[in-house]
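These are the residues of each chain, in order.
Number of protein chains: 4
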Amino acid sequence: MTITDSPVRLTAVDAPGQPTVTPELEALYRGLEAELLVPLWTEISGLMPLHPTTKAAAHLWRWDRLVALADRSGHLVPVGRGGERRAIALANPSLGGRPYATPTLWAAIQYLMPGEDAPEHRHTQNAFRFVVEGEGVWTVVERDPVPMRRGDFLPQPGMKWHAHHNAASKPMAWIDGLDIPFQYDVESQFFDFGRDAIGEQERTTPDRSRAERLWGHPGLAPVSAIGATTGTPLLCYRWEHTDRALDDQLALEREGYASTVEPGHALVRYVNPTSGSDVLPTIRAQFHRVARGAETRPRRETGSSVYQVFDGSGTVVVGDTLWSVTRGDLFVVPSWQPVSFASEAGRTDSDSGALDLFQFSDTPVFDKLGLYRSQEDS
Amino acid sequence: MTITDSPVRLTAVDAPGQPTVTPELEALYRGLEAELLVPLWTEISGLMPLHPTTKAAAHLWRWDRLVALADRSGHLVPVGRGGERRAIALANPSLGGRPYATPTLWAAIQYLMPGEDAPEHRHTQNAFRFVVEGEGVWTVVERDPVPMRRGDFLPQPGMKWHAHHNAASKPMAWIDGLDIPFQYDVESQFFDFGRDAIGEQERTTPDRSRAERLWGHPGLAPVSAIGATTGTPLLCYRWEHTDRALDDQLALEREGYASTVEPGHALVRYVNPTSGSDVLPTIRAQFHRVARGAETRPRRETGSSVYQVFDGSGTVVVGDTLWSVTRGDLFVVPSWQPVSFASEAGRTDSDSGALDLFQFSDTPVFDKLGLYRSQEDS
Amino acid sequence: MTITDSPVRLTAVDAPGQPTVTPELEALYRGLEAELLVPLWTEISGLMPLHPTTKAAAHLWRWDRLVALADRSGHLVPVGRGGERRAIALANPSLGGRPYATPTLWAAIQYLMPGEDAPEHRHTQNAFRFVVEGEGVWTVVERDPVPMRRGDFLPQPGMKWHAHHNAASKPMAWIDGLDIPFQYDVESQFFDFGRDAIGEQERTTPDRSRAERLWGHPGLAPVSAIGATTGTPLLCYRWEHTDRALDDQLALEREGYASTVEPGHALVRYVNPTSGSDVLPTIRAQFHRVARGAETRPRRETGSSVYQVFDGSGTVVVGDTLWSVTRGDLFVVPSWQPVSFASEAGRTDSDSGALDLFQFSDTPVFDKLGLYRSQEDS
Amino acid sequence: MTITDSPVRLTAVDAPGQPTVTPELEALYRGLEAELLVPLWTEISGLMPLHPTTKAAAHLWRWDRLVALADRSGHLVPVGRGGERRAIALANPSLGGRPYATPTLWAAIQYLMPGEDAPEHRHTQNAFRFVVEGEGVWTVVERDPVPMRRGDFLPQPGMKWHAHHNAASKPMAWIDGLDIPFQYDVESQFFDFGRDAIGEQERTTPDRSRAERLWGHPGLAPVSAIGATTGTPLLCYRWEHTDRALDDQLALEREGYASTVEPGHALVRYVNPTSGSDVLPTIRAQFHRVARGAETRPRRETGSSVYQVFDGSGTVVVGDTLWSVTRGDLFVVPSWQPVSFASEAGRTDSDSGALDLFQFSDTPVFDKLGLYRSQEDS
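If you read the protein sequences in the order shown, they are chains A, B, C and D.
Each residue of the first sequence is one higher than the one before, counting from 199 in our numbering.
Each residue of the second sequence is one higher than the one before, counting from 199 in our numbering.
Each residue of the third sequence is one higher than the one before, counting from 199 in our numbering.
Each residue of the fourth sequence is one higher than the one before, counting from 199 in our numbering.
The following block holds chain A by itself, in its conformation from the complex (with noise of 0.2 Å):
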């Protein structure tokens, strides 16, 4: 079993918790190399840390840049099979250069150019797609053309059929988020590909899906579909809901109710009709609101979350990093990382002066696997 090139190198230290060099040691040391073995106690501390200190930074990505970026590959890169999608992702910029925002999530800017058809595939990765700005595609999820228009949150749990067809006469753009770090370092990855083409059936660009249709009224589930699944089966989460269950908070809290997760910060998330939990099992999304002149106080969590500027303007601090953000803008928190935001005054009187942040994070994985800590910082 030995071999000549082994990849392990153990140097002895002379330091606090670790044994005295001697040649015996480092005769040890080059025996373990050789067998393959690395000793805890030259490790335990990076391995094993009082609490997360995490490989990844906090970093911000400004909107326009990526949406330059993704509109000139609108024009030099073609959507077709083998590459599959015109999306860009974020590296996260402590991570090598790999295509990761955090350590667990994909987070990308993906282009359509008018008239164009990504084609269809599936695989276990589970993904979303949120959108900024912009209308006129349809994702086509299990046959299902599905609009996707300003303020939408379409999830797709793994191993659905999807494709996307831009009906429109104008290049969109949206983010997709997906676990595609956390399926590649736990190695569960499948894929398949479909057809090249959609059907013409899928061509139609109705105003609601049939998922809509079936699981988007709330609290009735339609019995012949009964049961609770893995991922939600409804498709689209759209914004004319989001945007009142959030004013509806602020409302309430106005009115002197419990309603908010504190004063003048409401929050949703997007849950599974079918069991009340995460839509996605290893991705959570959510939509924070903070009100004009609020304030959220620094709050810390295990695992890491990505969030997208909707509306408004404001500051986010993110450990010892502070950011001005505004529309689009997408930045990155790593576990345990305290973050906090403030809106900014509107600039006109007809604004709401409110800070709209879109989340995602894998924090379904640490909630089942009994993993999840939060805290708040004073």
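For the record, the hints were derived by calculation from the structure and aren't laboratory data.
It is possible that some hints are incorrect.
No distinction is drawn between identical chains; accordingly, a pair holds when it is met within one copy or between any pair of copies.
Calculated cross-link-like contacts (lysine to aspartate or glutamate; reagent style DMTMM-like; alpha-carbon spacing at most 25 Å) [what the hints assert, rightly or not]:
no. : residue 1 : residue 2
1   : K368      : E542
2   : K253      : E574
3   : K368      : E331
4   : K358      : D394
5   : K368      : D203
6   : K253      : E451
7   : K358      : E493
8   : K368      : E400
9   : K253      : D445
10  : K253      : E241
11  : K358      : D203
12  : K358      : D549
13  : K253      : E400
14  : K358      : E333
15  : K358      : E241
16  : K253      : D383
Dock chains B, C and D against the given chain A, drawing on the hints supplied.
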């Protein structure tokens, strides 16, 4: 321990499977009576039948007669502490004159005169209201005024404080469903009296309850109140949503997609948004729409149901009994009795011709205890 | 719909909270009777009490009298198809002579003469056997012969085929517990006859059942049969394990560690190894050991229990009733009645002086339906 | 936000499914690098393969070499605060010299000299110990001393305080399994130091732990500690039970009853008695017995496993690799690699000839997140 007036009475009979009638057997039976004992061999066929042989009868109550009697009560019977509610319950003709629609379910018409209040109380019995006609009453649950209008379904889980307030200038009637007989049988009941009068703030008549503002947005949960609850936190399921969900199912069916439970038979279940399961721990509530000209297959299940015709007219067959039914009529389907429905063509062109039926049942009890069975008769 | 012989009988009474007795009210009541309707205001105090006011009585049956009558039955009553079992049920004196130990539970002594077989059948009613004395009978569940010996608890989930076979030269008695009254109330019963005689292979008398060989190893599950089941797959819980678990709890308590439910009161619950929950979907089974000289605090809970004294002697207090109890005695604790136990000092030095009590109850029904409450009286 | 030293490096290549290499494309790629962006179309085949293509290698470590190196460490490396444990981890040759047996699992040999203590700490990482030979160490979990002997499996859920104490006159070795790589990837780790020395009371060497006395009785739960816990409360699964459970499966198979997972292949899973599910939230542990002369079918599943040969000898095939294995040998099966085992005829008549294999894997992660798949190869 021997008691002289034992309620046990045993009769030795000369029948197959029974012991020979002898003086010794008679002496044994007297001994058993004295010791408060009963043999299985004399009781087994009644207690352990081959399939459920219900104690209840299929029965129909006409809405117009109920309303007439309720209205007369409105003039003769005050609403107040002690009597608590002006509610008149269906008494199944085979259940000994007890106010039981079925062996487990209570169904009543409740009636409130203009300006009247029904006093606040709470109880372990799970309850709901369903409105077949009228409006103007607000049910005040946990101090949250909830408007009641035609087609609305208003569940109210056990131990929630509640009162009713008629803010209109006309009387209003609706039906109440509760698990009173079930809780009477198993002996789980608690009851507390609340305030004699609701507060001024609860006399407001908002268009939407606070519960709806928090929980009534499809697929969206307020993070401030996240977590599964035994009973639903959504206190009103509005008719406009139910109606649209049923229409959508029938339209999808016409377009060629699976959506109904059988041809022409749309069916939605009211569910708890925190879990996707039944709205109340002991009561299932559903709404059927039988399209113009459609007829459902006879189907039986363990457990009993009460139906109310919400709209349209048609025929209902339960076992050997057939009724012509119309708006407001209430009927009972006992355990393991086959039931089917047929709509009657609308009388005018503008009439949809569909038969709309509200149903509630004790199915969650069977589901959770491993006792549920159903069967379609050919 | 009007029926001439309505079972409904309403009486107008002059009492607080009741409407004024007038000719009009009498006419209304006659109208309600004719239409099979009953007001809430005349019924509420009985149907919806402030707390459970049980229909049952606390009652005690002496084991020696039960065995004497069972033995007489052994000589007079054959066991065979039709009567099915030589079982004699406790009839609670307050439940009208019905064979109900409590409103939901059946408890009976079953008796089998040497060489006798009880024929095979199955039913939705959940059942168990518990052996206070004797041995020699094998219960054959799903063709798996399971030996029965003093102290053994043998659950048998609904719809499992079962027969009994006395392989010994002496009669044997044991107790059966079932949810017969509960299933009679909710109307969920199915029953099938099996083979009239068990096969030769099932007449073998192995020391351990196949169920125990698969599922009887602590913390170990057979991967070939993995997965949660509604009722337990373990068909026998042996006395040696129960006894040791109780001894361990009392020893740990003496060593200063939390282990008992209160000082001197060891308590174990029989659980389904596939889920850790109750062995049967409607019945909880537990075993109490009250150490020499110990006395338990009065405790009440929703739902009813039947206890059998397994060993030792002592006193039991249920509400206002006190009994001196000894081996084999059976008693009933109705819903919401406080119960406490005290052991009696052993008569000899070798006697442990502990009071051992087997208990079964309908608690899972309350637990699963959100109706469970308990309280310790000071 | 632009950073000058971007870690992103993109290479335009002339290949099917890739955009034409032009100066404009090169300029786009430079722009993406500057903005920390990576296209999907250059990464998809590596990140989203058709099926898991593991980063890890199948590899075998020989027990005698591990023990020899561990023993040398025993003489050179002290055990104490800082290094915490004298544990030496398997480093998969394809994982870059990191101390990872698989992408998610840590496996190490731990070694304690006579009289030594390993200091108390706790961490979110879930852990277990398994003993292939020797005895004399007590692991002290939450101040409960648990003896470790050949064949025992000792799980220890995250955040339980623990220390180890060698009370014998000889060194002792065992293996540790943890989810260190998984928690490192997702960044969920917390770690606390405990007391430097365990108390005198914890130096006692009881034959059974308190955990076993409370939870080690088959099918019996202590009511004082009832309720499902994330990790198992049973801290030791004794060899005598595992051995008997495996023997019982093979004996039942010989008698003609379904009990094994395939002919000659007995398999038990260690489970949490409070829930029937896996002992640890992220780790599954199982024990295989391959009967004399039996051979298992190749089987693959998502997720990775580490095996240790507990007894007997035989051959193992993982993908294209075949090993002859014997007592103590450890080997790794990466995700989606087919594995099969064959026992080798015993060398003497008294030798059972069976191959006994302890296995642990990351399967609960896949199960809970909807990512589990398995397949039998023909």
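Here's how the hints hold up against the structure:
1. In this assembly of identical chains, K368 and E542 lie within 25 Å of each other by CA distance neither inside one copy nor across copies; the values are 32 Å within and 50 Å between.
2. Proximity of K253 to E574 under the C-alpha cut-off of 25 Å is restricted to the intra-copy arrangement: shortest distance 22 Å within a copy versus 38 Å between copies.
3. Taking identical chains as interchangeable, the C-alpha atoms of K368 and E331 lie at most 25 Å apart only when both belong to the same chain, with a minimum of 12 Å there against 50 Å between chains.
4. Only within a single protomer do K358 and D394 lie at most 25 Å apart by alpha-carbon distance; the minimum there is 16 Å, versus 53 Å between protomers.
5. When the C-alpha separation of K368 and D203 is checked against a cutoff of 25 Å, the pair qualifies neither within a copy, at 56 Å, nor between copies, at 35 Å.
6. Taking CA atoms no more than 25 Å apart as the test, K253 paired with E451 passes in neither setting, with 39 Å inside one copy and 48 Å between copies.
7. Within a single copy, K358 and E493 get their C-alpha atoms no closer than 40 Å, and across copies no closer than 35 Å, so neither meets the 25 Å cut-off.
8. In this assembly of identical chains, K368 and E400 lie within 25 Å of each other by CA distance solely inside one copy; the values are 20 Å within and 52 Å between copies.
9. With identical chains, the CA atoms of K253 and D445 are never at most 25 Å apart, being 37 Å at best within one copy and 48 Å at best between copies.
10. Taking the shortest alpha-carbon separations for K253 and E241, both the intra-copy value of 16 Å and the inter-copy value of 21 Å come in at or below 25 Å.
11. With identical chains, the CA atoms of K358 and D203 are never at most 25 Å apart, being 44 Å at best within one copy and 39 Å at best between copies.
12. In this assembly of identical chains, the alpha carbons of K358 and D549 never lie at most 25 Å apart, being 40 Å within a copy and 40 Å across copies at closest.
13. Taking the closest pair of Cα atoms, K253 and E400 never come within 25 Å of each other, the shortest separation being 43 Å inside a single copy and 39 Å across copies.
14. With identical chains, the CA atoms of K358 and E333 are at most 25 Å apart within one copy only, with a shortest distance of 22 Å there and 45 Å across copies.
15. Only between protomers do K358 and E241 lie at most 25 Å apart by alpha-carbon distance; the minimum there is 21 Å, versus 41 Å within a single protomer.
16. When the C-alpha separation of K253 and D383 is checked against a cutoff of 25 Å, the pair qualifies both within a copy, at 14 Å, and between copies, at 9 Å.
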